[in-house]
Amino acid sequence: MLHPGILALVVGSCIVFVMMLAASWQGLRIIAGWDFDSSSEKQLILERKTYLISSIIKYALGFEIISSLLFIYTVDDIHAMFVGAMCATGSLNANPVGWYALYLKIAVFFTASLWIMLNNLDQKAEDFPLIRPKYTALVFISVLIGLDLFFQMSYFLGLNPEVITSCCGSLFSDTSSGIAGDLSSLSIKPMMALFYFTSVIFIAAALSCLKSSAAFLRYTVSTLSIAFFFVSIASIISFISLYIYEMPTHHCPFDIFQGHYRFIGYPVYISLFCGVFFGMLPGFFQPLKRIVSLRDTIMRAEKRWLVLSILLILFFVIISSWPVVFGDFTMQGY
Amino acid sequence: MDSLIRTENVTKIYNPRKPDEIKALDDASLSIGKGEVVVLKGPSGSGKTTLLSLLGCMGRPTSGRIMVDGKDVAKLPERFLTLIRRKTFGFIFQQFNLIRNVSVLENVLLPLYPVETSFPDMQSRAEKILSDLNINNKMHMKVNRLSGGEQQRVAIARALINEPDIIIADEPTAHLDSKLSSDLLRILETLNSSGKTIVIATHDPFVYDHHFVKRIVEMKDGHIREIKLT
Amino acid sequence: MRHLKILEYALSSLFRRKYRNLSIVAVYALTIGILASILFLTHSLKTEATYLLHDAPELIVQKISAGRHDLIPSEYTEKISTIPGVGSAEPRYWGYYYDSLTHSNYTLIGIDDTIPGLSLLEGKMPSVSGECAVGAGVGHARIAGTGDTITLFNSKDTPVVFHIAGVFRSESNILTNDLIVMGEKDFLHFFELPAGRSTDITVSVNNPNEIATIAGKIKKLYPDTRPITKSEIIRTYDAVFNWRSGMMLTIFSSALIAFCILAWDKATGISAEEKHEIGILKAIGWDTADILELKFWEGIVISLTSLLVGLIAAFIHVFFLNAPILTPVIKGWSVLFPDFRLTPYIDIYQIFVLAFLTVTPYVASTIIPSWKTAITDPENVMRN
Numbered sequence: 000m001l002h003p004g005i006l007a008l009v010v011g012s013c014i015v016f017v018m019m020l021a022a023s024w025q026g027l028r029i030i031a032g033w034d035f036d037s038s039s040e041k042q043l044i045l046e047r048k049t050y051l052i053s054s055i056i057k058y059a060l061g062f063e064i065i066s067s068l069l070f071i072y073t074v075d076d077i078h079a080m081f082v083g084a085m086c087a088t089g090s091l092n093a094n095p096v097g098w099y100a101l102y103l104k105i106a107v108f109f110t111a112s113l114w115i116m117l118n119n120l121d122q123k124a125e126d127f128p129l130i131r132p133k134y135t136a137l138v139f140i141s142v143l144i145g146l147d148l149f150f151q152m153s154y155f156l157g158l159n160p161e162v163i164t165s166c167c168g169s170l171f172s173d174t175s176s177g178i179a180g181d182l183s184s185l186s187i188k189p190m191m192a193l194f195y196f197t198s199v200i201f202i203a204a205a206l207s208c209l210k211s212s213a214a215f216l217r218y219t220v221s222t223l224s225i226a227f228f229f230v231s232i233a234s235i236i237s238f239i240s241l242y243i244y245e246m247p248t249h250h251c252p253f254d255i256f257q258g259h260y261r262f263i264g265y266p267v268y269i270s271l272f273c274g275v276f277f278g279m280l281p282g283f284f285q286p287l288k289r290i291v292s293l294r295d296t297i298m299r300a301e302k303r304w305l306v307l308s309i310l311l312i313l314f315f316v317i318i319s320s321w322p323v324v325f326g327d328f329t330m331q332g333y
Numbered sequence: 000m001d002s003l004i005r006t007e008n009v010t011k012i013y014n015p016r017k018p019d020e021i022k023a024l025d026d027a028s029l030s031i032g033k034g035e036v037v038v039l040k041g042p043s044g045s046g047k048t049t050l051l052s053l054l055g056c057m058g059r060p061t062s063g064r065i066m067v068d069g070k071d072v073a074k075l076p077e078r079f080l081t082l083i084r085r086k087t088f089g090f091i092f093q094q095f096n097l098i099r100n101v102s103v104l105e106n107v108l109l110p111l112y113p114v115e116t117s118f119p120d121m122q123s124r125a126e127k128i129l130s131d132l133n134i135n136n137k138m139h140m141k142v143n144r145l146s147g148g149e150q151q152r153v154a155i156a157r158a159l160i161n162e163p164d165i166i167i168a169d170e171p172t173a174h175l176d177s178k179l180s181s182d183l184l185r186i187l188e189t190l191n192s193s194g195k196t197i198v199i200a201t202h203d204p205f206v207y208d209h210h211f212v213k214r215i216v217e218m219k220d221g222h223i224r225e226i227k228l229t
Numbered sequence: 000m001r002h003l004k005i006l007e008y009a010l011s012s013l014f015r016r017k018y019r020n021l022s023i024v025a026v027y028a029l030t031i032g033i034l035a036s037i038l039f040l041t042h043s044l045k046t047e048a049t050y051l052l053h054d055a056p057e058l059i060v061q062k063i064s065a066g067r068h069d070l071i072p073s074e075y076t077e078k079i080s081t082i083p084g085v086g087s088a089e090p091r092y093w094g095y096y097y098d099s100l101t102h103s104n105y106t107l108i109g110i111d112d113t114i115p116g117l118s119l120l121e122g123k124m125p126s127v128s129g130e131c132a133v134g135a136g137v138g139h140a141r142i143a144g145t146g147d148t149i150t151l152f153n154s155k156d157t158p159v160v161f162h163i164a165g166v167f168r169s170e171s172n173i174l175t176n177d178l179i180v181m182g183e184k185d186f187l188h189f190f191e192l193p194a195g196r197s198t199d200i201t202v203s204v205n206n207p208n209e210i211a212t213i214a215g216k217i218k219k220l221y222p223d224t225r226p227i228t229k230s231e232i233i234r235t236y237d238a239v240f241n242w243r244s245g246m247m248l249t250i251f252s253s254a255l256i257a258f259c260i261l262a263w264d265k266a267t268g269i270s271a272e273e274k275h276e277i278g279i280l281k282a283i284g285w286d287t288a289d290i291l292e293l294k295f296w297e298g299i300v301i302s303l304t305s306l307l308v309g310l311i312a313a314f315i316h317v318f319f320l321n322a323p324i325l326t327p328v329i330k331g332w333s334v335l336f337p338d339f340r341l342t343p344y345i346d347i348y349q350i351f352v353l354a355f356l357t358v359t360p361y362v363a364s365t366i367i368p369s370w371k372t373a374i375t376d377p378e379n380v381m382r383n
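Protein chains in written order, with numbering that gives the first Met the number 0: chain A, 0 to 333; chain B, 0 to 229; chain C, 0 to 383.
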């Protein structure tokens, strides 16, 4: 528990959680006292407070992104303390609560980023149309961050070096049970087919959105984006990692962050997460086009989101496929 | 004449419902047309600075409407007020309000920093304005090393950098001698002849008796008392 | 473009108030320097320890008597070496010697052959009775080198003179620094150990997967022994170093908290001049978000500058000056070491952790003061 990386994570998480509580509290006060038509001093103060809350959320999101990376690195660094652990997966298996902490961090990334987008849109309208839903959603994000802190602490406090854990080799092995095992034992050819098929229809749908303003297309793109996220994670575990590690049994999704694999994990995951995020936005914000003051802003922003999403997903597919297509390693008979 | 800026029954109360409550403006209505030169005249405490700051989108009235170019700005969130202020107004303050220990060029360019403009464009615009005002030779000098008249010209250059339609000047001759005051008025006259609207708050007769002033609005105790056409 | 211009203004603004900002950077860098020194020192020691354990035997068997480490009978060695899977079992003769002259503890080893993993700087290993090889730290402490003599006092307080046949590798080696290697017979004679006893037994195992099994068999065979595996030692070192460094970090985090309070105070108490300047910016067209971005850049520049200065100071403190302030706590309270040079081992993860630990609280403590500054009313500029 006194490992420096763990200390940094816990201290940072506590600070961010406190900041989020403060932001949520201010948000609720804004909802309670908000009267856009009033020119009173009180209304002016509330409007100014919206800037404070935006600042806090931006810092919180920045922190959560960096802390996710720090979490993975720390979990990898402590693997030596557990018998049987050879990488981050082993450390996480030493206390399975760690997986929940990781999932929560992913959830916080998406929800906080969505909130920031929502906030940016709201600020571009002259009448703050989204004040109430925005600050209500903030409470939900604070709860997620609180849970993240709780699971992180439970994980680190519950770690027992006496426990013999299993590593990625056995977790992500073809013969183990559970989702990870199932993912690893998926036949590669069908998984590859699914991966490339999903990426093609996603990009096609996104391109159609650029040409047409149909609402159903936007909902389709968002749904496909989320589906693509899960398909990509499954693909990384199932076959992409094999080509990066050049080993038919090494399915670990975390080792690709390491230096000996040239930190390929960073561009892979950053492009995937950001590409999926921008792909989700058109469908999510489609209902908001009903608000007159937001319609034009959303339509202008939509084009940017779609283009960014297409470029990032293309980039992700290319760098993931590079070792598959051009690498020396081939899987025969798998 | 179509009004460029218009206030309708504007009231401004500072510190409402507190012991130090002040009603700086009371039911003030004023209309200013494109290309006009208007002087707000009155003793200190008459509400001229308040009216000027509201006209210049620096704050919000307690009640009433403010129309700028046909748009009601009284209830706009701060960010939109700032955008309008940046685009439409150039300010010349009583005490120049230049940033000390910063060069002339940087002071002039400051209003452009938050705007997405390329640096070469910004630079060439600034150099042109400074040369029109005969101060480009001191471009890289720190402003606190300039004389009063030179600082005045830098302040004017800064007010013009965003190519505003309206120049707002608050007691611009308060710290100037008669020669500098006369130079200032000459510059303002030139700006007006190129189409800019000028609004000046002052109690200096040297200003409001000048021939280029078209209208004088007299103010007392927050009320617009009389509007004289000269 | 806009971001770069605001950053440029932030730098100019920081420079215009250089004395105030330098004082913040100095305190901030000092705090970071202390925390970084802790991290560098523990990481370097940990890496050094892991490195030296590389050549350690897979198993060490100690005899336990009344809960304490006791000398182990040599016949255990023969029995252990017959266990299937055991490559070899050798008795080991070593002990501690407290040198009252230099107030240091030395480790004495008696060998009849060479020990793997040790390399001499100069000279040779002891080959005849009366000879020894010493670690660089011992030689330095006793101001003696190859060809000189070193006098040690046995348990009867009788001086025994040894000739130094060789000196071990550089001062940066924890393993050899405080070592004195002599012949096995000299060792037994010096400490007057009973015949047929050794300090412990080293066991090499052919298949690393079998280590735990063989440790279990040894324990079953001789219940009065404690087999210690290499991985257990590595984990213990890891845990101890982590614990010690974590403890020190916790203690010094109070320094960090104090710094953040200072940062808050400085940020809140902005001068009238600075407040006026912000008012002017707002009046000429900067909006609250632009001012917040300005303050953000100022914070980042201060943080990164302090981080860099603190890291450099820590590096010099630990690797050039040998961390005089921290060494006694980190290395151990009970064991006295002679001085030795640490090998610089830094990795990006450590720097990342440090940046996280220091920048996050600083940034958090300046958010509210920055916001309060940013909401300055531009109207105030008209009124002044």
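None of these hints come from the bench; they were simulated from the model.
Computed from a prediction, not measured in an experiment: that's the story for all the values here.
From the three backbone atoms N, C-alpha and C, an ideal C-beta is built for every residue, glycine too.
There's no promise every hint is true.
Capping the alpha-carbon separation at 25 Å, the derived lysine to any residue pairs in SDA-like fashion look like this [to be verified]:
1) B/K74 with C/A288
2) C/K45 with A/L117
3) B/K86 with A/S292
4) C/K155 with C/K45
5) C/K4 with B/K70
6) C/K4 with B/N100
7) C/K184 with C/K45
8) B/K70 with A/P128
DEER-style ranges, computed between Cβ atoms [stated by the list, open to error]:
9) C/Y50 with B/P119: 52 to 60 Å
10) C/L307 with A/L156: 41 to 49 Å
11) B/G34 with A/F139: 38 to 46 Å
12) C/V127 with A/N159: 17 to 25 Å
13) A/L209 with B/K17: 52 to 60 Å
14) C/S126 with A/D327: 48 to 56 Å
Hint check:
Note on B/K74 and C/A288: the hinted pairing holds, with a Cα-Cα distance of about 19 Å set against a maximum of 25 Å. About 47 Å separates the Cα atoms of C/K45 and A/L117, which puts this hinted pair outside 25 Å; it is violated. With a CA separation close to 21 Å, the supplied pair B/K86 and A/S292 stays within the 25 Å bound. Of the supplied pair hints, the one linking C/K155 and C/K45 is violated, its CA atoms being roughly 38 Å apart against a limit of 25 Å.
Among the hinted pairs, C/K4 with B/K70 is inconsistent with the structure: their alpha-carbon atoms are about 31 Å apart, more than 25 Å. Of the supplied pair hints, the one linking C/K4 and B/N100 holds, its CA atoms being roughly 18 Å apart against a limit of 25 Å. The hinted pair formed by C/K184 and C/K45 fails the criterion: a straight-line CA distance of about 34 Å is larger than 25 Å. Among the hinted pairs, B/K70 with A/P128 is consistent with the structure: their alpha-carbon atoms are about 19 Å apart, no more than 25 Å.
At about 56 Å, the CB distance of C/Y50 to B/P119 agrees with the hint of 52 to 60 Å. Judged by the Cβ atoms, the range 41 to 49 Å given for C/L307 and A/L156 is violated: they are separated by roughly 34 Å. Look at B/G34 against A/F139: about 54 Å separates their beta carbons, and that is not inside 38 to 46 Å. For the pair C/V127 and A/N159, the supplied restraint of 17 to 25 Å is violated, since their beta-carbon distance comes to about 52 Å.
With their beta carbons about 55 Å apart, A/L209 and B/K17 fall inside the hinted range of 52 to 60 Å. For the pair C/S126 and A/D327, the supplied restraint of 48 to 56 Å holds, since their beta-carbon distance comes to about 52 Å.
The structure fails to meet hints 2, 4, 5, 7, 10, 11, 12 from the earlier list, while all remaining hints are met.
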